[in-house]
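J.: With chain A's structure known, arrange chains B, C and D on it following the hints.
4 protein chains.
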Amino acid sequence: MAGNSFGSIFKLTTFGESHGEAIGGVIDGCPAGLKLDFEAIETEMNRRKPGQSAIVTQRKEPDTVQFLSGIFEGITTGTPIGFIIVNANQKSKDYSHIKDTYRPSHADYTYDKKYGIRDHRGGGRSSARETACRVAAGAIAKQLLKEIKITAYVSGVGELKLEKDYSELDFSEIEKNPVRCADPAMAAQMETYIKEIRKQGDTVGGMVTCVIQNVPVGLGEPVFDKLHAELGKAMLSINAVKGFEYGSGFEGTQLKGSQHNDLFNEDGSTTTNHSGGIQGGISNGEDIYFNVAFKPVATLMQKQETINSEGEKVEMEGKGRHDPCVVPRAVPIVEAMAALVLADFWLLNKNAKL
Amino acid sequence: MAGNSFGSIFKLTTFGESHGEAIGGVIDGCPAGLKLDFEAIETEMNRRKPGQSAIVTQRKEPDTVQFLSGIFEGITTGTPIGFIIVNANQKSKDYSHIKDTYRPSHADYTYDKKYGIRDHRGGGRSSARETACRVAAGAIAKQLLKEIKITAYVSGVGELKLEKDYSELDFSEIEKNPVRCADPAMAAQMETYIKEIRKQGDTVGGMVTCVIQNVPVGLGEPVFDKLHAELGKAMLSINAVKGFEYGSGFEGTQLKGSQHNDLFNEDGSTTTNHSGGIQGGISNGEDIYFNVAFKPVATLMQKQETINSEGEKVEMEGKGRHDPCVVPRAVPIVEAMAALVLADFWLLNKNAKL
Amino acid sequence: MAGNSFGSIFKLTTFGESHGEAIGGVIDGCPAGLKLDFEAIETEMNRRKPGQSAIVTQRKEPDTVQFLSGIFEGITTGTPIGFIIVNANQKSKDYSHIKDTYRPSHADYTYDKKYGIRDHRGGGRSSARETACRVAAGAIAKQLLKEIKITAYVSGVGELKLEKDYSELDFSEIEKNPVRCADPAMAAQMETYIKEIRKQGDTVGGMVTCVIQNVPVGLGEPVFDKLHAELGKAMLSINAVKGFEYGSGFEGTQLKGSQHNDLFNEDGSTTTNHSGGIQGGISNGEDIYFNVAFKPVATLMQKQETINSEGEKVEMEGKGRHDPCVVPRAVPIVEAMAALVLADFWLLNKNAKL
Amino acid sequence: MAGNSFGSIFKLTTFGESHGEAIGGVIDGCPAGLKLDFEAIETEMNRRKPGQSAIVTQRKEPDTVQFLSGIFEGITTGTPIGFIIVNANQKSKDYSHIKDTYRPSHADYTYDKKYGIRDHRGGGRSSARETACRVAAGAIAKQLLKEIKITAYVSGVGELKLEKDYSELDFSEIEKNPVRCADPAMAAQMETYIKEIRKQGDTVGGMVTCVIQNVPVGLGEPVFDKLHAELGKAMLSINAVKGFEYGSGFEGTQLKGSQHNDLFNEDGSTTTNHSGGIQGGISNGEDIYFNVAFKPVATLMQKQETINSEGEKVEMEGKGRHDPCVVPRAVPIVEAMAALVLADFWLLNKNAKL
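Protein chains in written order, with the working numbering: chain A, 1 to 354; chain B, 1001 to 1354; chain C, 2001 to 2354; chain D, 3001 to 3354.
One chain only, chain A, in its complex shape:
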């Protein structure tokens, strides 16, 4: 109810502020009998963690997940999986300048007004540090969904847009460049651009595309919990996300039905896939694909005018170590949230029919 849980059967609850002692979470509803690959979990954590390359924030955080329960001799027991990630490298003093100041386009003002109090250090609960818990849980969800393949990549940085369809791309390129763009040439351009932006003390937005393959037919619960509606909510709940479209998306609004309809092959597959793998909120077995829009990071290494909690004009400048562009580190988060959605619907679907 207060918004810190996600999912119905496979359910993640997270807690923690960026500069408290630890962040963490509880996964309730993971079936018993899943042998966990802890290395795979660590790999996902490393894809998200700060300091991984020259184009992301240079904060050093190990982001080690400590599992406290729900696992016995490496296998899930069906009881809740509690875990924490210690906040090892908080430099809380970096934030003393924002104690009474509302940073533009941050959540300082809204948290203060909603709750009457806020932990200002590093954004507190509104910090994207919370997404580390999502990645940890998503890594387990991925292992549950053995057959399903979830792949995200950067498809836009500022005005640089990867126009190729996902089917033209070689996904094995994604992790070979720090931008996580599936096209090496575009990746190089994006990397150069992000470095420029950082030099300017500025930031830039971007886009992540996600493709989900080998999805069984039948996932998604009409009418309100349509598969794409939950995917959309999942993505929009990630920090800095401003938009979500799947299948033909916003461009599809310009098409005629005679262009847009996906005709059937005899085996139930379709000749085109404007639908994006979902019909009536239920997966149809075709690839699911969607785009997620991220706004530019609000913390600039430039002077900005803003107000303090007294409503007085003050000048401020970002301190600390921040990302000039979030999308490279957002890639594993998008995948994690997609995995959480699919795991939940996969379990729910066991009860669709007798």
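Any given hint could be a false lead.
What the hints assert, rightly or not - Taking lysine to any residue and the SDA-like style, the derived pairs with C-alpha atoms no more than 20 angstroms apart in a straight line are:
no., chain 1, residue 1, chain 2, residue 2
1, C, K2149, C, G2285
2, A, K319, B, K1256
3, B, K1176, B, E1042
4, B, K1099, A, N265
5, A, K353, A, P216
6, D, K3303, C, S2258
7, B, K1099, B, K1256
8, D, K3195, C, K2149
9, B, K1350, A, I117
10, A, K256, A, T271
It should be emphasised that the hints constitute simulated quantities derived from the structure, not laboratory data.
T.: Only chains B, C and D this time, still in chain A's reference frame:
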């Protein structure tokens, strides 16, 4: 869990197939003491109902809401509001040709695979007829949110796009034309275009923009139930929706932080509103605005090749009475879903602080 | 949230006041493919309905369930099952005397204080008429749980207590007498006693025992949603219930561990069953049995002193047609609620392990 | 869904096995602005902890709660309160003898059958150690409910029953004796009896009574989430509980309506309180009181015959350090669960009416 409920405190559960005896719903959690304006509810129903103009489906359905409970002498009692809408004008025979046929880009195939059985008549549960229940409930939510003003309008039909910002538009124009476009000149073009499309036996997609004004600061529950995440889910749960963006949306991905950040005025308002009225998932008091993308209607009055449940190729052609473009009738549905989201968060927010 | 839904996967939401147009409900999450036996549903409804014998209220209500959705050609489709039960025989005038009066030990006062308004006619939402919806839904849950046998019977009326263990009783006797006591001799005594009580214009409490057989091992979700905890909640949510005990119950508090422990046979069954078929909140395959305590009906055909909404002392006397003792009609309600609990846990348990 | 969360708005999720690294929980939905009294929390933890007196288990566990989030400078921030309690003193070897053995009347067998795997050490998730998290959360709930006074005490140990009504007792006596019986003379008898039982290597059941005073009128959500139904579920979810009754309870079944009805005083209070402070599932402002039945602890310091996971007969004897009677340590758990229920309904009730 099975997906037919929406909301947490102000919660709507709907039921019903398009050609069953009736559709209906239950609103649980509407506070007691709300004097209902039944005429206003009827007005909303009429904005959605078929047959209202020359550019929508010519089916005749009165869509009268019968309230069965939860209201005493015109005032809500705090107990659940049950209601039904009788399916008066079902021509079930119109659908006998699709009994064993999967219509392209409809949910026939996915329902059949998920449930092993389906009520094929008029799409059954997957029919957009279900949205009548949302409009009824949304009309009550609107009355609960007295101060908040929710306005949607058509901003795109096929390639015709209304490029003006909402602030340049006169909302009183919206209900004056059958397209529900806020710009009279564009409305006329859209109307002509939809008529052409219909003559071709084709359909076309479109876009709806929604603006929410006078929102109190503080609505939305971080971190998973962010205000825009729930709005996104709400919109994506509407039939035919392919995308959602709020504030700067997909265009915002191309901006720099120095362009995108909304600077504060001394009273806490902002000089620009790229944020779309929401920071960190919480309303900040500025206008909330978002776009919703609708694909073209899948039922065409043309011959299409498809398959039957045996996997054999068959030819089919739409029968019955269908919309060439859904967006004019989607406007009240978008508003209704927005109202449901806001009503829920408004009630939830009463417990944000002591 | 507002309390009108029960269950998580197999979920019933009810609505309706005793003297509104209709009561009804929505069952969401019933798997597709269940062929319904409508006669069996009617049988359950008849076991609960007023006027069925000389010792219950003489109101005449047909209590016919009209299913509006979720069923196609007699088979569930996986979509929500909406239903209504028309309030055919309301004599609302019978209740004009309580419009501004708070009946002793009724919910008039608390509803008024909580909601600031109430539909006083027949108790409105607080009337046990609502339980008709539970019986309808429970009848479907029973059909889902084909193998599981749920049997309730009256085990106490006032000071008359059936001391025999359930294993000594012949359940086929239950429906042969109007009290629904499994022991014919005791049934006769109870019937005589209830008639006497009615002549006095008084009422009396009673007890219902329920036995659930052929339960698979593994139902129930620790730690908060233990099987007996949900059964307890289910029973306590029935009007007039004051207590719940299962297995050794309150008497078990007086035993030593060496007396109470149920020793295992080699096949995992137990030699005794003080546990009542549940260990750690999970069914162990033994019979589940529990007792439910009902207070005497509060409406008396005698003069009582009470207060009105102005806080003034007034005298009142029950009008209308009321039960002198609720337990005979409570038997099918107890079974229905037990069925709802088990159906939900049965579906949930499909995801306990891989 | 998987049963490890309790509450709707004020919601506790717990995790952890008795012999894992730590147990813990997340409280979501505690309003911001509550200044916490950490000493009061510790006091509650100490009332539950092992080793506190000669008549409870002699295990030594400090049971210190480490709060990880949701609190800033001693005040709740409205974000989730995550906490852990380290399992400092696990002697896991004590349990190697039960690795493949099903202890009689424990949850070993049912966990194994349900999940196919279990952490056998100390009962794993089924251990009452989990209740430490409930006490921590309940201590915060109590602070939220400033005006409401929740008092539990032992009212039965084996055949020793405290027959006095709560109104005749001096609650300040409760914490003065290790049994937590409100009557000093009876407390002494109970203490002696428990010591005897322990000498025999046996255990004994008991009863806890709870009284809630100063409850505002209006708490509880009809019809399924009646205040007493949630209290019942809360109590029945505590380890070893076999029964719950409130107000007149099981004895009330023997009364006539003319004896049982609580007549009103002019101020809306009642002359008697058979109702136990609740009408129609809603608090009426009178004292709420209820009894909770606990079975004898299943771990005996005697030889018992049982089976192993192969279905072979084996002999076993309890090792480790166990309680001869749980009720003294159950008193703070009963209070904690009552506080969680009331806190949730208190917040929910803010939206009962406009």
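J.: Now tell me if each hint is right for this structure.
T.: We went through each hint and held it up to the structure:
Our distance criterion of 20 angstroms between C-alpha atoms is met by K2149 of chain C and G2285 of chain C, whose separation comes to about 13 angstroms. A hinted pair counts as satisfied when its Cα atoms are at most 20 angstroms apart, and K319 of chain A with K1256 of chain B qualifies at roughly 18 angstroms. In summary, the hint linking K1176 of chain B to E1042 of chain B is supported, as the alpha carbons are separated by about 18 angstroms, within the 20 angstroms threshold. Between K1099 of chain B and N265 of chain A, the direct Cα distance comes to roughly 19 angstroms. Compliance with the 20 angstroms bound is thereby established for this hinted pair.
Our distance criterion of 20 angstroms between C-alpha atoms is met by K353 of chain A and P216 of chain A, whose separation comes to about 15 angstroms. Annotation: proposed proximity of K3303 of chain D to S2258 of chain C holds, straight-line Cα distance about 10 angstroms (limit 20 angstroms). Straight-line distance between C-alpha atoms of K1099 of chain B and K1256 of chain B comes to about 53 angstroms, which puts the hinted pair past the 20 angstroms bound. With a C-alpha separation of about 44 angstroms, the suggested pairing of K3195 of chain D with K2149 of chain C is violated against the 20 angstroms cut-off.
As the CA atoms of K1350 of chain B and I117 of chain A are separated by approximately 16 angstroms, the hinted pair is consistent with the 20 angstroms bound. Note on K256 of chain A and T271 of chain A: the hinted pairing holds, with a Cα-Cα distance of about 17 angstroms set against a maximum of 20 angstroms.
Checked against the numbered hints above, the structure violates hints 7 and 8; every other hint is satisfied.
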